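Undergrad: Chain by chain, the residues:
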Amino acid sequence: MDPSRKRRLRLVLALSVALLLAGALVYTSFSASTEASTPSDVVTSAEPGRSYELTGKVVEDSVRREEEELRFAIRDRDGSTSVPVVYEGVVPDPFREGREVIVSGELERGTFVAERDSLVTKCPSKFSNENEKSS
Amino acid sequence: MAGTGSACLVAGLLTALYAATASLYGARSGRRAFVVSGRRAIYCLAALMVTATVILQSAFLRSDFSYKLVAEGSSTDTPTFYKVTAMWATQDGSLLLWALLLSIFTSAVLFLTRRSLRELAPYATAVLGVVAAFFLFLMVGWENPFSAVAGPVPLEGAGLNPLLRHPAMMIHPPMLYTGYVGFSIPFAFAIGALVTRHTGADWIRATRRFALIAWTFLGCGVLLGALWSYTELGWGGYWAWDPVENASLMPWLTGTAFLHSIMVQEKRGMLKVWNVSLIIATFALALTGTFLVRSGILESIHAFGASTIGMQFLVFIAVVLVGSTALVVSRLGDLRSESRLDSLLSREAFFLLNNLVLVALCLVIFWGTFFPLISEAAGAERSVGPPWFNRMTTPLALALVLLAGVGPVVAWRRVTLAGLRRVLIAPLAFATVVLVALLAFTNAVESLPALLMFCLVGFVLAVVAQELWRGASARRVMTGGSWPRALSELVSRNRRRYGGYVAHAGIAVLLLGVAGSSAFLDQKDVRISPGQSFRSGDWTVTYERPTAQLGGDRAGTGAPISFGAELTARKSGERLTLHPSRNYYPTQDSSKGAIGRYFEGEATSEVDVRWGLTRDLWTAVRPDTSSLAGPIREANRRFSGANGDVQALAIAAIVERYRTDPPPATFRTLVSPLVSWIWIGGAIVLLGALIAVWPSPEARVRRVRSLYKARLGRELSGT
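Line order of the protein sequences matches chains A and B. Numbering (my numbering) for the first sequence: 1 to 135. Numbering (my numbering) for the second sequence: 1001 to 1719.
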């Protein structure tokens, strides 16, 4: 085979491998991802057996600990619709009532059952206060 | 003093703009005096930035709460150690840190290249001047670190965010920033090379040491961040694929690719477009890393809410990307390779492969990190979690380690299969021995990726050992010295090469720790009362008694109250005592009551880790303080008007109550195998980088000679 054809073949081969990998990347990311949603989305239109990533604020006076389980409610950032959450696993240090949190899980009979260790709390700082004021 | 600080920033902005304009004008018109003046303006800028930083730091140390930054990020009872670090815990302060580091780095590189690279240095100066001007513009326009506190000057500040009170946080942000800033130097010189069409390897030779320093600092910064999250965040992970963590890893990956591929350009004059593209990408990713922490565009445990300067950053990143890409495209004709790839079995081909794997790794992480934004554009916002990242990056990491082993033994241009077999036979044999030993004596077969990684790590270490041995024995034949002497001579004569090998070994060791700890982690979460026990790995852990302390927490973070537990861990004759605890920091929120504010503020876990070469025993506790709610309410009612001493007694009584009448506490224990090798591997990489970056004796002689030649030339042309 002459060198220029060999090079072209190599290029085509490399490009098709790259395309294949890129396709795998796109496919797996869409199939393995969870949908971001707010409490009102989940309450009105959650399908059973599908997992969601719920973002919202912890409702004041809603946090209860029952043995291993942590129970609390999350409400919309700027609304009153809230959904009860049951969670097991490690609770991040900044977790507090009134703070914005993210948690993944599924809705089962009106309660959001969170995946273990999926709770994330945003860092409290002066910026989050400013943010609350502006929103 | 605040006025002087603000004046420094305005003067700095004007100086940076002048430096850019003067060097550009000087280069275009050929008037050297302007180029020299532009360079000196950069030195001036560095002096201004140092002054501004000193003013701000002294305000933190004096606890001068007339500064907004000091009032919000520090307090009189913040330990001095953390007063110093409070500067970069804020957005305004970290912008100043960026500008400070950039001006110092720029001065250093311009000073070192003042007698060489006459054509492209002025353009590099202009680029760096514009970058500095951008950061100063942000500070002058929106985020002035010297702005005064609104209203009357408070008597006490809010204090540093307790999560940031960890020794690693003292050095982690400056190290990351040094890395980010450092990459702007090769970037600027690459732009200079493109503008002037001097696309040889000169710009690389002038800045490769800066790239290596930046890479080292960035790597250390990433690792310190991992150490911080392992010991401070309280969930025991060192890497969570969090957007901010990913943002610091991405420029490190492209930077690693750059450090390898520039060698191909230096040796063979190939990969020119690739190299300039890599450094442009690295710089853009470094800017993204700075921007992502505060932008609030991605959900992250580090996201500090929305920022006022997100848009400006986005525009600047877009300008950098579009401008540089246009420049590269317009110079494609000058960037043609001087030679072709002779064979796929050559060092340049392996460098190219390693580059492709590194860039693929970076792309995967980029895709995953920005997936919420990408999917939102395609419909609904979705996000991918750590399992996706682990699945996608594991095969790439395995390929990378394999290449790190094969690459160093492949010669430039081409190598025969027989030659390759000769150098690879011993390392492959060693890897096989490792495989057999693992299968025979351990349960490593339970995780195929980890098993593969262990074998590949053995392979890389064997390759590095073999190369050092071959080189040293060749030197012994030549000079006849002892083994250690032959080895040290070998390394000092080719620092870059053997430093690189040591870094390869370090990365292999680091990934050994990653593979072991992620595949064989044993995690337990329990809620038990004093006296009860549970099993964690092969340890039996007993909750002996609760601890409650007033003042003087074990980590020295300045927390007034700390609740914890005394645990004993037993294993066939071994007995350990551990003291995990949780620190409580007072809040300024008056609605919690005079006493309650000491219990209802921020709290952070202080984990207790017993480090070990084979495995760590990691413990954290979350005390249940709900039983104290009644006494706290009572104390709030009775002592809200009382003087400080009485209040202190009330707090002491409540703290004591936790110790005498303890509710059950929640514990997390991790038995994490090989985790220590992550930090040891990091230290080995650092050693390798130091070996590579240290000037070799020959280089010093060469530099003195070239300086002498330059002086001679000037004198001859002057007469």
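Treat the hints loosely; a few may be bogus.
[Stated by the list, open to error] Anything over 12 angstroms on all C-beta distances counts as not near chain B; from chain A, calculated: (1) ARG5; (2) ARG7; (3) LEU21; (4) ALA22; (5) THR28; (6) VAL59; (7) GLY79; (8) GLY110; (9) VAL113.
[What the hints assert, rightly or not] Sample of chain B residues at the chain A side, in silico, Cβ under 7 angstroms: (10) PHE1366; (11) LEU1373; (12) ARG1527; (13) SER1529.
Treat the hints as calculated values from the structure; they're not laboratory data. Computed from a prediction, not measured in an experiment: that's the story for all the values here. Ideal placement from N, C-alpha and C gives every residue a C-beta, glycine not left out.
Undergrad: Give a verdict on every hint.
TA: Status of each hint after checking the structure:
1. With a minimum CB-CB distance of about 15 angstroms to chain B, ARG5(A) clears the 12 angstroms threshold, and the non-interface call stands.
2. Distance check for ARG7(A) against chain B: the nearest CB is about 9 angstroms away, which does not clear 12 angstroms, and the non-interface claim fails.
3. Consistency note on LEU21(A): stated as away from chain B, yet its beta-carbon is not over 12 angstroms from all of that chain's, at 7 angstroms minimum.
4. Distance check on ALA22(A): its Cβ comes as close as 8 angstroms (rounded) to a Cβ of chain B, failing to clear the 12 angstroms threshold; non-interface status is violated.
5. Distance check on THR28(A): its Cβ comes as close as 7 angstroms (rounded) to a Cβ of chain B, failing to clear the 12 angstroms threshold; non-interface status is violated.
6. No Cβ of chain B comes within 12 angstroms of the Cβ of VAL59(A); the nearest lies about 17 angstroms off, and the non-interface call holds.
7. The claim that GLY79(A) is not at the interface with chain B holds, since no C-beta of that chain comes within 12 angstroms of its own (minimum 18 angstroms).
8. GLY110(A), annotated as away from the interface, keeps every beta carbon of chain B farther than 12 angstroms; the closest lies near 22 angstroms.
9. At roughly 16 angstroms from the closest C-beta of chain B, the C-beta of VAL113(A) stays outside 12 angstroms, upholding its exclusion from the interface.
10. The interface hint given for PHE1366(B) is violated, since its Cβ lies 10 angstroms from the closest Cβ of chain A, which is over the 7 angstroms cut-off.
11. Given hint, LEU1373(B) at the interface with chain A, is violated; its Cβ is 11 angstroms from that chain's nearest Cβ, farther than 7 angstroms.
12. The criterion of a C-beta within 7 angstroms of any C-beta in chain A is met by ARG1527(B), whose closest approach is roughly 6 angstroms, and the hint holds.
13. At about 12 angstroms, the closest approach between the beta carbon of SER1529(B) and any beta carbon in chain A exceeds 7 angstroms, and the interface hint on this residue is violated.
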